Amino acid sequence: MVAAATSDHDLWQRAWDAAASVTDPEIPVLTIADLGVLREVVVRSDGAVDVAVTPTYSGCPAMSAIAFDVAVALECAGFPAATIRTVLSPAWTTDWMSEAGRAKLRTYGIAPPLPASSRRALFGVERVDCPQCGSGDTELLSEFGSTSCKALWRCKACREPFDYFKCH
Amino acid sequence: MATPSITVTETPLVLYTLRRADDALILGHRLSEWCGHAPMLEQDMALSNIALDLIGQARALYAYAAEVEGKDNNEDKLAYLRDVRQYRNLLLVERPNGDFAQTMVRQLFYSAFADLYWRGMTRSIDATLAAIAAKSEKESAYHLRHAGEWIIRLGDGTDESHARAQGAIDDLWAFTGEMFCVDDAERGLIDAGVAVDPLMLMPEWLVTVTDVVREATLVLPENDWMQQGGRDGRHSEHLGHLLSELQYMQRSFPGASW
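Line by line, the protein sequences give chains A and B. Under the working numbering, the residues of the first sequence are numbered 1 to 168, in order. Under the working numbering, the residues of the second sequence are numbered 1 to 258, in order.
No lab work stands behind these hints: they were computed from the structure. Hints may be right or wrong, so weigh each one.
[Stated by the list, open to error] Interface residues of chain B toward chain A, partial, derived using beta-carbon atoms under 8 Å:
1. E42
2. N49
3. D53
4. I55
5. I132
6. A134
7. S136
[As the list claims (entries may be wrong)] Listing some non-contacts, in silico: residues in chain B with all C-beta distances to chain A over 12 Å:
8. T3
9. I50
10. N73
11. G177
12. D191
[As the list claims (entries may be wrong)] Pairwise CB distance ranges (calculated):
13. B:W258 - A:P80: 21 to 31 Å
14. A:R39 - B:G193: 48 to 58 Å
15. A:D50 - B:D232: 13 to 23 Å
16. B:D232 - A:E160: 18 to 28 Å
17. B:D156 - A:Y108: 36 to 46 Å
18. B:T11 - A:D50: 27 to 37 Å
19. B:R85 - A:E139: 47 to 57 Å
20. A:E126 - B:S244: 36 to 46 Å
Source: prediction; values computed, not measured. Using N, Cα and C, we set each Cβ at its ideal position, and we do this for glycine too.
With the sequences and hints as input, model every part of the structure.
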């Protein structure tokens, strides 16, 4: 019994690790586990794998690429024909991004999202620290950036422009 | 031969969901028309990004409408294979882009409403609509901030930008009342806790819009006569032209994919 349980868990772990290794196609330093996009992995009794992912921004075009990459990663790990489901509830938020994920983003040169509580003020001022030099003396260049999750900022201390992962 | 239109069984919940999906799709399509034409690169990216958010919201809503209807329809069929009289969007969102001021005033009016509406809908007893709302309200708040800042810049800018922004407000004002209308189909959903009563949101919407317009040194029209019809499929001539472009591929090459 104990052996069987361990083996089930090992199988699940192998499936989870395979799915969790998939990276965001736009931000390749982040895995979907770091992002909080990977919600659930279930290995059914017949060995078939059921994966639940949650979309980030409503219109993020990376979601279909992520679903495809998860299926491929599972296939390579010995789980053919995995089912990828999209779950909407509860809705994803940048607060789910892991600490490891935030650190990776910063190292990659993208300022990680601020806590969601700071988003509401209509004309509120956000303080975003420069991921290059750490200075808080920064300014917004464009509220919309190269992908739906990012805004373009500039550091006034080191003069470098940088992406900011918007909170959501 | 062109693909014929589908039929949709519009139960109150299907109709309700289609109306919100159509608002998002049509406004998203309008904004996508700016791609490559906006007055500056940052705004080209901004309008395309907002379009992407709206089309994403529309996809989630269409998928849910198809699921609730439980027939042979899906999100693509609902978007590509309904004719103009089957579209349920607000007249406001189908208004042509006009100049940048017209586009931004339309965006201010809609986003100020969507921000409140979706925030209210996060408390819907319908878990799927509540989840779609939880994303949409954050995106709408961001769109509202962008539009508000632009209206202030245009209104409090040059004589030319002021005049154009005021002209856009005067032109589009009569299309705002439809956002707050409720018919019998929706009344039942509101009473059941599925939908939000938009009329309850009007005072706060008016405060938001008035604050922006006042800071922009602009004024809201006195005229309170309001145009409506979009929710029932009675549209302006502009929607047919928009759909002919949006639907051309699927109508002419049924099931085309790439």
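Here is what the structure says about each hint:
1. E42: holds, 4 Å
2. N49: Result: holds, 4 Å to nearest chain A Cβ.
3. D53: Holds, about 5 Å.
4. I55: Because about 5 Å separates I55 (chain B) from the closest Cβ in chain A, which is inside the 8 Å limit, the hint holds.
5. I132: holds, 6 Å
6. A134: holds, 3 Å
7. S136: holds, 7 Å
8. T3: It holds; T3 (chain B) is separated from chain A by about 24 Å at its closest Cβ, greater than 12 Å.
9. I50: Per Cβ check, I50 (chain B) is inside 12 Å of chain A; nearest 7 Å; violated.
10. N73: holds, 18 Å
11. G177: Non-interface label on G177 (chain B) holds, nearest chain A Cβ at 23 Å vs cutoff 12 Å.
12. D191: holds, 23 Å
13. B:W258 - A:P80: 21 to 31 Å: holds, 26 Å
14. A:R39 - B:G193: 48 to 58 Å: Violated, at about 26 Å.
15. A:D50 - B:D232: 13 to 23 Å: violated, 42 Å
16. B:D232 - A:E160: 18 to 28 Å: violated, 54 Å
17. B:D156 - A:Y108: 36 to 46 Å: holds, 39 Å
18. B:T11 - A:D50: 27 to 37 Å: holds, 30 Å
19. B:R85 - A:E139: 47 to 57 Å: Since the Cβ atoms of R85 (chain B) and E139 (chain A) sit about 49 Å apart, the hinted range of 47 to 57 Å holds.
20. A:E126 - B:S244: 36 to 46 Å: holds, 42 Å
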